[in-house]
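Asks: Next come the chains, spelled out residue by residue.
2 protein chains.
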Amino acid sequence: MDNKQMLMIPGPTPVPEKVLLAMAKHPIGHRSGEFSKIIGELTENLKWLHQTQNDVLMLTASGTGAMEAGIINFLSPGDRVLVGNNGKFGDRWAKVSKAYGLTVEEIKAKWGKALDPEEFRAKLAADSDKSIKAVIVTHSETSTGVLNDLAAINTAVKEHGEALIIVDAVTSLGAVSLPVDEWGLDVVGSGSQKGYMIPPGLAFVSVSAKAWKAYESAKMPRFYLDLKKYKKATDENSSPFTPPVNLMYGLQASLQMMQAEGLDNIFARHQRHTQATRAAMKAMNLPLFAPDEAASPAITAVAPVTVDAEKIRGAMRKQFDIALAGGQDHLKGKIFRIGHLGFVCDRDILSCAGALESVLLGLGNSDATPGAGIAAAAQVFAGK
Amino acid sequence: MDNKQMLMIPGPTPVPEKVLLAMAKHPIGHRSGEFSKIIGELTENLKWLHQTQNDVLMLTASGTGAMEAGIINFLSPGDRVLVGNNGKFGDRWAKVSKAYGLTVEEIKAKWGKALDPEEFRAKLAADSDKSIKAVIVTHSETSTGVLNDLAAINTAVKEHGEALIIVDAVTSLGAVSLPVDEWGLDVVGSGSQKGYMIPPGLAFVSVSAKAWKAYESAKMPRFYLDLKKYKKATDENSSPFTPPVNLMYGLQASLQMMQAEGLDNIFARHQRHTQATRAAMKAMNLPLFAPDEAASPAITAVAPVTVDAEKIRGAMRKQFDIALAGGQDHLKGKIFRIGHLGFVCDRDILSCAGALESVLLGLGNSDATPGAGIAAAAQVFAGK
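Line by line, the protein sequences give chains W and Y.
All residue numbers for the first sequence refer to my numbering, where the first residue is 4 and numbers rise by one.
All residue numbers for the second sequence refer to my numbering, where the first residue is 4 and numbers rise by one.
In case anyone wonders, no lab produced these hints; they're calculated from the structure.
Certain hints may be false.
Computed footprint of chain W on chain Y; a stretch qualifies when at least three of its residues, placed anywhere within it, have a C-beta under 8 Å from a C-beta of chain W [stated by the list, open to error]: (1) 5-15; (2) 62-70; (3) 108-122; (4) 256-263; (5) 269-283.
These numbers come from a predicted model, not from an experiment.
Glycine included, each C-beta is placed from N, C-alpha and C at the ideal position.
Next comes chain W alone, as it looks inside the complex (with noise of 0.2 Å):
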């Protein structure tokens, strides 16, 4: 149906109204006393989000621009680099890490699975010398759905001492508590389509202390991302290039928003909207592709048996106007993805569910008690 499109892909999220509307306002001059209250306010409020008094600093670009940006300020061609690949975005970042020359050890585990966080605690116990530079790691893998354990890598990169840990929050910050200053997180890289619930366009890096001494002899070559120069601006309530003045009026609304909800209900309606997806994909025993133990707070993805992933995704869009998302490279056609990131709420969980339902008996795929996805979902929203 025209225009009545639902999105449920890792992003672009779901945008609020108010948002929307904030973007619509006509821009300002991004030198003006006006705009620099608002970068002042932005600033804060992403402190806030961050848990962190070190800098956050916001970029016009996308998440990989971000993390780019907190891969290459901090190090130097050669350095050595741990880098956890259990998807899409862990392989990313390996590429980008060999682009620069980074000498880089993946630590893998199969799409699907969680990092071990054992092998990282190796790996650093091992290097006496203290040779490995920087772990860069992405918490929430949104080609999988798959959470690692990043208090436990962070809890082995801080036994090291010296590695600076590098974070890929893209779907994980504003879903699930990332606490950068208790955890000690030196730089995090976000995206604002995703938990910021704004449109995309505008990147994130939150740099500590420890990173900053490591920027002083990283040589890189850089310009356009090069953070000591948004830094240098932030701390005078400016930006060293002309910023995304409409997005940065969404996210102005956007993290009022998130300010009035609070982080811990945030959290807590994300926990509910994986649990409650979880419970409804069970119960209609579409197989989860991520187990319970590193479900993502922000994409359930679901490998569905007898019946093509691709053929369920069009379906949903179809006839109930729901985007999911497929799976990428080798796992297309064999998953798709549910995002619940962002402005979602409770009724989108079960609007979902109803309609995955509704799709698998159209299908003829599904085996499963019609209403039994819905109630399992409705169970946990009751809190049963």
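Model the placement of chain Y on the given structure of chain W, informed by the hints.
Replies: Then chain Y, alone, in the frame of chain W:
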């Protein structure tokens, strides 16, 4: 007055209501067939605006990001480049080039003066072993309101035969004819918040076949700004990284408006506004910072003698709700800049001239006949 501000800065430029409302639509999935169609339409219309069959690629970045991409994709560390530097942006491209280890020779002119094409010709003619790999030129120098003679500089580059020409068209594209194919411009960078009439956040790079050939042997580290990734995706009506969906909705609306107006009409309008603005300033005895023969079609810089430029800016803002730009770097307080780029109609120029006359009277620093400025602008509009 609240909500009544009129932007006459060189970016962000005024945004049509149609564009603002288009941007307030809910995003759709950037990997959907529906969005693919939009990318296809945008790409075609961008080629029309660039008067080219070359690739025109869209990046989530500021204009600086586009220019950096335009430099680092086609050159290798140590390569010799000529960089025209007669303002803040020319200076910036020299800095970017140095950050990436290029051997930079700057051809300079005083801020407010145009680059001398003869200096380029001499350097290029003397380069018998063809060691100059690229010439980097800012077409309209936003910081000073100077339009460099790109056609003449380009002729010298073409006589050289080997060097690429890389053009900063950030405030010239959409304001003055830039026939990319006719002139054989290899790389042209631009940004959304200028002639495109949309808010900041999108940047554009056009790339010639000759530049792609240079790409094959170019060796600089890059990933997010790797233009081959953008070409590959654009060829499939897609994007390598999540694009700024809502800004692209806005771009769709603005390019449709531009096509309805027609390139010749757009250029004539900018020319008319430039002439009317300059005539008004002269009639008010306000010295123009750039000479007539090198007047930017986007920005007129004015260097008041008897009153501080910042005082004029402040009064224009406070009393008439018109935002003008100040001078940058050493020109701060010495000049103010009137942006007449993008979504500007004849009425806006009259408003600005009238307000300026009133402000100068109020500051007690005008020796001009009251009404002379408006009259001079009106004469231009009357075709006299």
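Asks: It remains to establish, for every hint, whether it holds in the given structure.
Replies: A quick look at each hint next to the structure:
Only residues whose beta carbon comes within less than 8 Å of a beta carbon in chain W count, and the segment 5-15 of chain Y has 5; three or more means the coverage holds. Counting residues of the segment 62-70 of chain Y whose CB lies closer than 8 Å to any CB of chain W gives 6, so the stated coverage by that chain holds, three being the minimum. Coverage of the segment 108-122 of chain Y by chain W is violated [criterion: at least 3 residues with CB-CB distance below 8 Å; count 0]. With 0 residues having a Cβ less than 8 Å from any Cβ of chain W, the segment 256-263 of chain Y misses the three-residue criterion, and the hint is violated.
By the rule of at least three residues with a Cβ nearer than 8 Å to a Cβ of chain W, the coverage given for the segment 269-283 of chain Y is violated, with 0 such residues.
Checked against the numbered hints above, the structure breaks hints 3, 4, 5 and satisfies the rest.
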